[in-house]
Structures are given as structure tokens and as C-alpha cells.
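Asks: From first to last, the protein sequence lines are chains E and L.
Under the working numbering, the first residue of the first sequence is numbered 37, with each subsequent residue one higher.
Under the working numbering, the first residue of the second sequence is numbered 58, with each subsequent residue one higher.
Possibly wrong hints are sitting among the right ones.
[Unchecked claim] Derived BS3-like pairs: lysine-lysine, alpha-carbon spacing no greater than 27 Å straight-line:
#: 1; chain 1: E; residue 1: K99; chain 2: E; residue 2: K57
#: 2; chain 1: L; residue 1: K276; chain 2: E; residue 2: K71
#: 3; chain 1: L; residue 1: K66; chain 2: L; residue 2: K208
#: 4; chain 1: L; residue 1: K276; chain 2: L; residue 2: K66
#: 5; chain 1: E; residue 1: K62; chain 2: L; residue 2: K157
#: 6; chain 1: E; residue 1: K54; chain 2: L; residue 2: K131
#: 7; chain 1: E; residue 1: K62; chain 2: L; residue 2: K198
#: 8; chain 1: L; residue 1: K276; chain 2: E; residue 2: K125
#: 9; chain 1: E; residue 1: K148; chain 2: E; residue 2: K62
#: 10; chain 1: L; residue 1: K66; chain 2: E; residue 2: K122
#: 11; chain 1: L; residue 1: K66; chain 2: L; residue 2: K202
#: 12; chain 1: E; residue 1: K125; chain 2: L; residue 2: K76
#: 13; chain 1: E; residue 1: K54; chain 2: L; residue 2: K157
#: 14; chain 1: E; residue 1: K122; chain 2: E; residue 2: K54
#: 15; chain 1: E; residue 1: K125; chain 2: L; residue 2: K202
#: 16; chain 1: L; residue 1: K202; chain 2: E; residue 2: K62
#: 17; chain 1: L; residue 1: K76; chain 2: E; residue 2: K57
#: 18; chain 1: E; residue 1: K148; chain 2: L; residue 2: K76
[Unchecked claim] Reference listing, derived: stretches of chain E covered by chain L, where coverage requires no fewer than 3 residues with Cβ under 8 Å from a Cβ of chain L:
#: 19; region: 53-59
#: 20; region: 63-73
#: 21; region: 82-92
#: 22; region: 96-104
#: 23; region: 159-165
[To be verified] Here are some of the chain L residues that sit facing chain E, going by a computed Cβ distance under 10 Å:
#: 24; residue: N77
#: 25; residue: K131
#: 26; residue: C218
#: 27; residue: T247
#: 28; residue: N250
#: 29; residue: H262
#: 30; residue: D272
FYI, nobody ran anything at the bench for these hints, they're computed from the structure.
Even for Gly, the Cβ is constructed at its ideal location relative to N, Cα and C.
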Amino acid sequence: MNTTVRLSSSIGSAFVAKIEKISGQKLLACYQCGKCSAGCPMAAYMDILPNQIIRMAQLGMQKQLLASRTIWTCVSCLTCNSRCPKNIKIAEVIESLRETALRDGQRNDRLKIWELSPEARGDLPPIATISAMRKLTS
Amino acid sequence: MGSENIPMKLIYYPGCSLKNSARNFDVSTVSSMAQLDVEIEELERWNCCGTVHALGSDNVMNRVAPVTNLIRVKEAQSNEFMTSCAMCYNTLKRANNDVKKNPEKLATINDFLSLETTKYEGDVDVLHLLEYLRDRVGFDKVAEKVKKPLKGLRVACYYGCMLVRPNEVAFDDVENPMIMENLVAALGATPVNFPLKTECCGAYHAVGSPEIIADRTDKIMGSANEGNVDMVVVSCPMCAYNLDFRQDDAKRLNPDFKHLPVLYFTQLMAVALECGEDALRFDLNHIDPVPALAARGLD
């Protein structure tokens with residue numbers, strides 16, 4: 037008797053295809069060694085670890101991924117990318133999730149620059165303000 | 058390029074931060090290069106580099122700002138230029154690599170920049186000041202120019218992310234770079250082992266989540282302090298801001314936190330090359346470096 041076990045109906049979904057396209061990564065290459073999370077300097081401030089992000093992306097868990105704090109916590113320091121034994125660019129996958137959330141037309145920006153005090157704005161180096169806006173706003 | 062008989066000046070791209078919060082990085086870069094007999098010329102009509110390389114493969118828009126700068130370099134009759142800001146270096150270099158590898162992306166950008174009279178054709182190289190000093194000037198030559206050897210000064214060199222990642226833009230080892238240590242040694246100082254030298258400072262969370270930066274600063278500067286150093290040197294105005302200006306917050310987080318001055322590596326060069334006080338602008342550093350230098354007889 038042949039039995040088909042379906043792990044998730046989302047595998048191969050349009051969402052997974054979109055993430056793979058924007059990030060340019062093959063999600064199924066990941067074998068969950070956890071090296072990305074072990075070296076991540078931002079892991080302490082995340083709700084879902086980088087290796088878990090990849091697993092959830094493989095499974096097409098769109099809702100949980102786009103609602104996670106992690107996609108806004110990652111600052112693309114690329115430590116994960118440089119240490120991945122499978123050469124998966126984890127930061128690119130996370131950026132594609134961020135981009136997906138920011139491109140949904142809802143203008144769900146994660147940073148409201150006008151809410152900063154004039155002192156804070158004046159103190160910050162321009163590269164901090166501009167990079168934050170590039171990463172956290174649509 | 059132009060005739061071989063015309064000596065080419067090194068084109069210098071300062072970037073936004075070096076003209077604002079990090080003017081100490083700008084003046085120390087310019088004056089130490091003069092002391093090293095390298096003629097530099099600020100790029101005309103430069104614009105913001107874009108600050109971060111967009112990682113999405115379909116994000117062509119964010120390549121426009123860096124590519125415009127590469128066009129300006131061509132217009133300055135050069136095929137290479139130097140920047141001392143680690144973030145500008147990373148963004149410009151990665152955009153350059155990306156458009157060199159993807160001619161269709163470059164064509165889209167050139168179309169978008171149709172009002173430009175010069176087209177970019179992947180014919181400009183991006184250099185960081187550290188690699189320029191190592192490969193073109195030579196650290197031995199730098200050592201010869203030192204007027205005030207930084208004897209006894211213990212220095213931790215912080216690379217952060219942008220000088221070493223990703224691999225294709227790194228001009229030294231990704232996990233254990235030594236280029237800054239070698240420069241610091243050429244200045245007569247003692248580079249000290251610093252395990253967290255390539256750990257991210259928290260970057261732009263400085264804007265929306267300063268509490269993350271305070272925690273990162275506590276850990277990174279704590280690691281530097283374990284080597285009993287006098288100071289930390291950096292090559293990035295964002296790292297400098299986070300590691301220097303967030304030290305008071307780190308102290309609130311951890312009462313055992315010890316303050317340490319954070320300098321641009323060019324400021325340290327300017328001290329050793331005796332470029333004068335105007336070249337240092339220590340007034341723009343949050344933790345005053347003067348007591349640390351004075352303790353080693355270097356004020």
C-alpha cells in the first residue's frame with residue numbers, strides 16, 4: 037500500500053516561490069545544522085532563530101514569518117551567510133521576507149522617523165538614519 | 058584612461074557621515090594622506106552611497122545611488138577611487154560587483170539615468186583606505202613617516218561587518234582580519250587580541266532600538282577591555298557612534314562597564330604622523346581620547 041505523507045500543503049506554494057525568487061536562494065538546501073543561529077549577534081533579540089526562519093520558509097509558513105519580530109531584528113551583518121556550510125544566504129532570505137511585508141501596499145513601516153526627538157535625529161550619523169529607513173520602511 | 062604622463066590624483070569619496078557627525082574621520086583622513094605624500098582630490102558632485110546594499114535580487118532601484126557615484130569617478134577621469142568609510146566602501150563595492158555581473162541590471166540603471174552624459178560600463182574600481190595603505194603606500198612606508206611612535210599604546214582594532222563581509226568585498230580574512238592591527242603596529246602601537254572584532258554593533262538599530270545597541274556595546278567593549286586596551290579603533294561612523302555614544306547606556310545596563318575611547322584609525326594615524334590638533338577633532342569623540350593618550354605620554 038502506498039501512503040503519501042504531506043508535511044505541508046504550502047511546500048511549493050506561490051509564497052515559497054516568491055521568497056526563493058527575491059532572495060535567489062534554494063531553501064531546501066538547508067539541512068538545519070544551526071550554525072547561522074549559533075553565530076548570530078542579533079539572536080538574543082529575535083523571537084524566531086535564523087535556522088527556524090529557513091525551516092518555516094521551506095514549509096511556506098507565510099503568516100508566522102511575516103508576523104515575526106526576527107525579520108525586523110536582522111541587520112544583514114552577514115555572519116550567517118559567511119558561515120553557512122551549504123552557502124545559503126540566510127540574510128537574503130530574511131530580507132526577502134522583509135521586502136514581502138513592506139511591499140504589500142499597506143505601508144506597514146516599522147520605523148516612524150518623525151516620532152524621533154529632534155535631538156536624537158540631530159545626533160545620529162546620516163548612515164544610521166538612511167539605512168534604517170531603507171531597511172524598515174516601504 | 059588619460060595619458061600615462063599625467064600623474065593621477067587619488068579620488069576621495071568622503072560620504073555623508075564624514076561631512077556631518079564624523080568630520081573627525083574626514084579631516085584625519087585628508088591630513089594623514091597629505092603627510093604620506095598621497096595627493097587626494099575629493100570627488101566632485103558625489104551623492105549618498107545608499108548606505109546599505111539591498112539584498113533582494115530584484116531591487117535595482119537601490120543600485121542607482123552607488124552607480125551615480127561611479128559615473129562621477131569616470132567624469133573625474135579616473136578608473137578608481139578611495140573611501141575611508143566602511144559602509145560606503147561596502148555599498149559601493151557590492152553595487153559595482155553586482156552591475157558588473159549583471160549587464161541587464163546595468164542597462165536598466167543606465168536607462169534610468171538617461172540624463173547622465175556618461176554611461177557606467179563597470180569600469181571603475183572601489184578601494185578602501187586600509188587596502189590602499191597596505192597595497193599602494195605600504196605599511197613599511199607608513200612606518201617611515203611616523204614622527205611620534207605610539208609606544209606602549211594598547212589598541213583593539215574593530216572591523217564590524219562592512220570591511221569583511223561578504224567574502225567578495227573583504228580585503229582580508231573574513232573571520233580573523235589583521236590589516237588594521239598591522240597598520241597600528243606600523244604606527245608603533247601594540248595591537249591587542251580582540252575576540253569580538255568582527256561582531257556586529259547593532260547597526261541602524263541605533264535609530265529605533267537604542268537598547269539593543271547598549272547591550273551590544275557592553276559586550277563588544279567588554280571584550281576589548283579584557284585585553285587591557287587604551288582604546289578601540291574603527292573604520293565606520295555607525296560603529297563609532299554606537300560603540301562610543303552608547304557607552305553611558307551600557308554603563309547603566311552593567312555597572313561593571315568600563316568606558317573606553319573609540320577613535321577612527323585615521324585619527325590614530327594623524328597622532329603618529331603629527332598632523333596637528335585640527336586634524337584630530339577629538340571634540341567630536343564622545344569619550345575624550347586625550348587622557349588615554351596622555352597616560353602613554355602621547356598628548
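Asks: Each hint should be assessed against the structure and marked as holding or not.
Replies: Against the structure, the hints:
1. This hinted pair checks out: K99 of chain E and K57 of chain E have alpha carbons roughly 19 Å apart, not beyond 27 Å.
2. Simply put, K276 of chain L and K71 of chain E have alpha-carbon atoms about 20 Å apart, close enough for the 27 Å limit, and the pair holds.
3. Restraint check for K66 of chain L and K208 of chain L: not satisfied, since their Cα atoms lie roughly 33 Å apart, outside the 27 Å limit.
4. For the given pair, K276 of chain L sits about 42 Å from K66 of chain L by alpha-carbon distance, which is inconsistent with the 27 Å threshold.
5. Annotation: proposed proximity of K62 of chain E to K157 of chain L holds, straight-line Cα distance about 23 Å (limit 27 Å).
6. For the proposed pair K54 of chain E and K131 of chain L, the alpha carbon gap of about 37 Å is over 27 Å, so the pair is violated.
7. Using a Cα cut-off of 27 Å, the hinted pair K62 of chain E and K198 of chain L is violated, with the two alpha carbons roughly 48 Å apart.
8. Using a Cα cut-off of 27 Å, the hinted pair K276 of chain L and K125 of chain E holds, with the two alpha carbons roughly 26 Å apart.
9. A distance of roughly 34 Å separates the Cα atoms of K148 of chain E and K62 of chain E; the hinted pair therefore is violated under the 27 Å criterion.
10. At most 27 Å may separate the alpha-carbon atoms for a hinted pair to count; K66 of chain L and K122 of chain E exceed this at roughly 43 Å.
11. Restraint check for K66 of chain L and K202 of chain L: the C-alpha separation of about 20 Å stays at or below 27 Å, so the hint holds.
12. Restraint check: the Cα-Cα separation between K125 of chain E and K76 of chain L comes to about 34 Å, which exceeds 27 Å; the hinted pair is violated.
13. For the suggested pair K54 of chain E and K157 of chain L, the alpha carbons sit about 25 Å apart, so the restraint of at most 27 Å is met.
14. As the CA atoms of K122 of chain E and K54 of chain E are separated by approximately 21 Å, the hinted pair is consistent with the 27 Å bound.
15. Straight-line distance between C-alpha atoms of K125 of chain E and K202 of chain L comes to about 43 Å, which puts the hinted pair past the 27 Å bound.
16. Only pairs whose Cα atoms come within 27 Å are accepted, and K202 of chain L paired with K62 of chain E is rejected, the gap being roughly 52 Å.
17. With a C-alpha separation of about 38 Å, the suggested pairing of K76 of chain L with K57 of chain E is violated against the 27 Å cut-off.
18. The hinted pair formed by K148 of chain E and K76 of chain L meets the criterion: a straight-line CA distance of about 25 Å does not exceed 27 Å.
19. Three residues within the 8 Å Cβ limit are the bar, and the region 53-59 of chain E against chain L gives 3, so the coverage statement holds.
20. Residues of the region 63-73 of chain E with a Cβ under 8 Å from some Cβ of chain L number 0, which does not satisfy the need for three, so the listed coverage is violated.
21. Look at the region 82-92 of chain E against chain L: 0 of its residues bring a Cβ nearer than 8 Å to a Cβ of that chain, fewer than three, so the hint is violated.
22. Here's how the region 96-104 of chain E fares: 0 of its residues keep a CB closer than 8 Å to some CB of chain L, so the rule of at least three is not met and the hint is violated.
23. Counting residues of the region 159-165 of chain E whose C-beta lies closer than 8 Å to any C-beta of chain L gives 7; at least three are required, and the coverage claim holds.
24. Annotation: interface hint on N77 of chain L holds; nearest CB of chain E at approximately 5 Å, less than 10 Å.
25. Contact between K131 of chain L and chain E, as hinted, is not supported at the beta carbon level, the nearest pair being about 24 Å apart and thus beyond 10 Å.
26. This hint holds: C218 of chain L has a C-beta 4 Å from the nearest C-beta of chain E, less than the 10 Å allowed.
27. Interface hint at T247 of chain L: violated, since its Cβ lies 27 Å from the closest Cβ of chain E, which is beyond the 10 Å cut-off.
28. Annotation: N250 of chain L was flagged as interfacial toward chain E, and the flag is violated, the nearest CB pair being 19 Å apart, outside 10 Å.
29. Checking H262 of chain L against chain E: minimum C-beta separation of about 6 Å stays under 10 Å; hint holds.
30. Look at D272 of chain L: its Cβ gets to within about 8 Å of chain E, closer than 10 Å, so that hint holds up.
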